[in-house]
Amino acid sequence: MSNIVLEAENLCKFWGGLKALDEFSIKFYDKQIHSIVGPNGAGKSTLLNLLSGAYQATHGVIIYNGKPITSAKSYEFCRSGIGRSFQKTNIFHTQTCLENCCIAAQQQIGGSFKFFQNRNQNKFIIKAALSALEKVGLTERAKTKASQISYGEQRQLEIAMVLATNPKVILLDEPMAGMGHEESQTIVKLLMTLKSQYCIVLVEHDMEAVFELSDLMTVMVDGQHLITDSVDNIRSNPLVQDAYLGNDDEVF
Amino acid sequence: MSIFTNKSEKLFIFFFFAIGLVIPLFLADNVFYINKISSMIIIAIFVMSLDYLVGRSGLITLGHAMFYGIGGYIFTIIAPEYETVNFWIYTFYVMSISAFVALIVGFIVLRTSGIYMIMITLALSQMCFYYFADSVDYGGFDGLFIYIKPETSIFGFNFLDLNNESHFYYLCLLSLFNCFVFFKVLMKSSFGRVIDALKENPERATALGYNIFHFRLIAYVIASSLAAYAGYLFALQYGFVNPSMMSWEVSATALVMALLGGLGSIYGAILGAFAYEGLHYVLEHVTQYWMFFMGCLIILMVLTLKNGLSGLLSNLVGDKENE
Chain A
1 MSNIVLEAEN LCKFWGGLKA LDEFSIKFYD KQIHSIVGPN GAGKSTLLNL
51 LSGAYQATHG VIIYNGKPIT SAKSYEFCRS GIGRSFQKTN IFHTQTCLEN
101 CCIAAQQQIG GSFKFFQNRN QNKFIIKAAL SALEKVGLTE RAKTKASQIS
151 YGEQRQLEIA MVLATNPKVI LLDEPMAGMG HEESQTIVKL LMTLKSQYCI
201 VLVEHDMEAV FELSDLMTVM VDGQHLITDS VDNIRSNPLV QDAYLGNDDE
251 VF
Chain B
1 MSIFTNKSEK LFIFFFFAIG LVIPLFLADN VFYINKISSM IIIAIFVMSL
51 DYLVGRSGLI TLGHAMFYGI GGYIFTIIAP EYETVNFWIY TFYVMSISAF
101 VALIVGFIVL RTSGIYMIMI TLALSQMCFY YFADSVDYGG FDGLFIYIKP
151 ETSIFGFNFL DLNNESHFYY LCLLSLFNCF VFFKVLMKSS FGRVIDALKE
201 NPERATALGY NIFHFRLIAY VIASSLAAYA GYLFALQYGF VNPSMMSWEV
251 SATALVMALL GGLGSIYGAI LGAFAYEGLH YVLEHVTQYW MFFMGCLIIL
301 MVLTLKNGLS GLLSNLVGDK ENE
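These protein sequence lines map, in sequence, to chains A and B. Residues in the first sequence are numbered from 1 upward in steps of one, following our numbering. Residues in the second sequence are numbered from 1 upward in steps of one, following our numbering.
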């Protein structure tokens, strides 16, 4: 098995008395897609927000490449190589797709404190942005404003922006939310190709896609870790069926 | 690489500065108008710096006049009273000191945003206002006088005599042009890219690894020191400073001018300042109830013009995209 990139130990997040995440431990391996599933309110998004630095953990440790980064500032997570996408499309609508990716790439490549150099002068930034757009298949949209592309394409752009930051770990928060079948197939194919280069953490409600993509799956219930196993074992696990998949009256 | 974003801007800047260069030739014997236009240009510089803050960086402040006043006061306080000093050296002093003040103030106010930032900038500028209004050393409400205007020699060459109205006018015009070019270059730079990003979506900019506080602080310091420069010019023009320069009405009026010109367009600041001051001047001579008509006109303009006067100009010229 490949090496551990990102690790959480006894991670807790309390909102007042509510335990959104309770003593949660998990390991993410390089070059794998690790899906996290669970009913609404299970704490999946909370976990992603903790892993990406958007929230501060109540207690517990996050270890990245062998070093604890729990107390790092939220912007330092991205700099160290943990990129994330958002559940609600979160892009720069008034800018072109290329510019969106340039904003993302510039942080890694540098030059943000150059006051008198034209922003398009740094060819490395443009190159990195274009290659990110190419990976998700949006090359043709480079000059189009982000507000004018379709919803599915905006979701792709969202991923392209994460890729442009040159991450090691990609945290994807429901990349297929609100998408039709065909559109989600594009994302599935995209994630398949990305798997060989990145450690991908996927939170997703589309079970078909999750089963198709995942190397490992974690099921969460009520902020607690239920089980982590391969897809086939999860499918046949009675505990999981009981908690999440099995009941007909379950509402996602 | 052109610094202009669209055709209307190019046209406006070209005509404005072309007319600006020749107008003193026609007004040679009418010092009043030259002084009037100089003061409008100074206000335009001030509004431009505010426009960069509010329109480009998304930091809404009601305390920008504090730096306008500070700029004037710093010069009056640090310059020896009965001695001719060099204009350029004191420009450097005034701007560095006010940049330092802005750094400290920015450190406090930028911890907040939105309505809270408006309140805290207002509070700080009012503190500053009353400090100078109550201080015996700095002349209280009457302020301080500048007895001798600085000279402007560079390496022994003296081009401009600040006691001459036309010369002072050209100094203001040059300053305005430099400010405009400076802000445009800044907007197009890599730094400008981050400023654009964090104005539109600060949350995402943080997620992409930017420490938005640093960028906001730099934008704040830049805009504030240019506001101080405008205040310094104001002090030189009239030969005095007083606390009313930093009253909140000055900030609010500047905000109205920036809105009128079109927020975030930079050159709109010139349009806004000239439209507002021009209207003010005209209406003042027509009726004593000029404020009433002025208010009505501004409400009308804000309601009908979506992107202010610069947006109107853009539509007239037929720009494809007003961004």
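The hints are simulated quantities; they were obtained by calculation from the structure and are not laboratory data. Just so you know, even glycine gets a beta-carbon here, dropped at the ideal spot from N, CA and C. Check before you lean on any hint, since a few could be wrong.
If you want the ones that stay clear, here's a sample from chain B, every Cβ over 10 Å from chain A, calculated [said to hold, decoys possible]:
1) Asp-142
2) Leu-186
3) Glu-203
Here are the simulated distance ranges between beta carbons [said to hold, decoys possible]:
4) B:Ala-18 to A:Phe-116: 47 to 55 Å
5) B:Ala-18 to A:Ser-147: 34 to 42 Å
6) B:Tyr-116 to A:Gln-224: 36 to 44 Å
7) B:Met-127 to A:Trp-15: 51 to 59 Å
8) B:Gln-126 to A:Trp-15: 53 to 61 Å
Sort out which numbered hints this structure fails and list those numbers smallest first.
The structure conflicts with hints 2, 3, 4, 7 and 8, although it agrees with all the remaining ones.
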